[in-house]
Amino acid sequence: QKEVEQNSGPLSVPEGAIASLNCTYSDRGSQSFFWYRQYSGKSPELIMFIYSNGDKEDGRFTAQLNKASQYVSLLIRDSQPSDSATYLCAVLGDSGYALNFGKGTSLLVTP
Amino acid sequence: ETGVTQTPRHLVMGMTNKKSLKCEQHLGHNAMYWYKQSAKKPLELMFVYNFKEQTENNSVPSRFSPECPNSSHLFLHLHTLQPEDSALYLCASSQVETGEIGQFFGPGTRLTVL
Numbered sequence: 015q016k017e018v019e020q021n022s023g024p025l026s027v028p029e030g031a032i033a034s035l036n037c038t039y040s041d042r043g044s045q046s047f048f049w050y051r052q053y054s055g056k057s058p059e060l061i062m063f064i065y066s067n068g069d070k071e072d073g074r075f076t077a078q079l080n081k082a083s084q085y086v087s088l089l090i091r092d093s094q095p096s097d098s099a100t101y102l103c104a105v106l107g108d109s110g111y112a113l114n115f116g117k118g119t120s121l122l123v124t125p
Numbered sequence: 018e019t020g021v022t023q024t025p026r027h028l029v030m031g032m033t034n035k036k037s038l039k040c041e042q043h044l045g046h047n048a049m050y051w052y053k054q055s056a057k058k059p060l061e062l063m064f065v066y067n068f069k070e071q072t073e074n075n076s077v078p079s080r081f082s083p084e085c086p087n088s089s090h091l092f093l094h095l096h097t098l099q100p101e102d103s104a105l106y107l108c109a110s111s112q113v114e115t116g117e118i119g120q121f122f123g124p125g126t127r128l129t130v131l
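Those sequence lines, one after another, are chains P and V.
For the numbering used here, add 14 to where a residue sits in the first sequence, where the first one is 1.
For the numbering used here, add 17 to where a residue sits in the second sequence, where the first one is 1.
Hints in this document: simulated from the structure, not taken from any laboratory.
Please note: incorrect hints may appear among the correct ones.
Result set (PhoX-like, lysine-lysine): computed pairs, CA atoms no more than 20 Å apart in a straight line [as the list claims (entries may be wrong)]:
| hint | chain 1 | residue 1 | chain 2 | residue 2 |
| --- | --- | --- | --- | --- |
| 1 | P | K56 | V | K35 |
| 2 | V | K39 | P | K117 |
| 3 | P | K56 | V | K57 |
| 4 | V | K36 | P | K117 |
| 5 | P | K56 | V | K58 |
| 6 | V | K58 | V | K36 |
In isolation and in its complexed conformation, chain P is listed as follows (with noise of 0.2 Å):
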């Protein structure tokens, strides 16, 4: 089983900074990573993926892989009230499909 750890939070930043969400996965191997959001009371949502060859920007969202260490970082540019939500880290299984989660932390961005 591939393990994922997040830090619980909450992570509060205010309106306009950086947020950066760190996950930390146990098999050096993994290849695939991805970030779900999860609004209160609502299902999570797929923002980014990225695959061990290198990071991905998409518009105010970056996901960064750092092969040495193990972990996967988020950031989020210019956070909004909005952005504030529970984000999922998710690692391809074994099975290469099935995702293993971690806990997810949750943000707030405060006006």
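Chain V: place on chain P using the hints.
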């Protein structure tokens, strides 16, 4: 809309009732999943189906019985549930051959057991 639908969206049932949750995916995927998410707790993977075959059952009590008649439909049959089974039940789907692009979740069924 992710292309994964779930019905009903809300369900209240007594401990002696029998009910079923339904999930349908319109994405052409061939793997489907049931997750349970209790209040302020992380996702718990319950069952995994790959091409209609159950490949994972994470020590789920027998009062939960999954059924996958085809790659597009997934059911969760419920009977003699306990109040602690009250939770958000999420269905997800993905493509086995391209698992690296992730899973897509339905909106969930909010279950309350009285």
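**Request:** Would you check the hint for P/K56 and V/K58, treating anything up to 20 Å between C-alpha atoms as holding?
**Result:** Roughly 13 Å between the alpha carbons, so the hint for P/K56 and V/K58 holds.
**Item:** Pair hint outcome, V/K39 versus P/K117 [Cα-Cα no greater than 20 Å]
**Value:** 26 Å, violated
**Prompt:** Does P/K117 lie within 20 Å of V/K36 when you go C-alpha to C-alpha?
**Reply:** Status violated; Cα separation ~29 Å.
**Item:** Pair hint V/K58 and V/K36, alpha-carbon separation not exceeding 20 Å
**Value:** 24 Å, violated
**Prompt:** For the pair supplied as a hint, P/K56 and V/K35, is the alpha-carbon distance within the 20 Å limit?
**Reply:** Violated, at roughly 25 Å.
**Request:** With a cut-off of 20 Å on the C-alpha distance, tell me whether P/K56 and V/K57 pass.
**Result:** 12 Å, holds
Checked against the numbered hints listed earlier, the structure breaks hints 1, 2, 4, 6; every other hint is satisfied.
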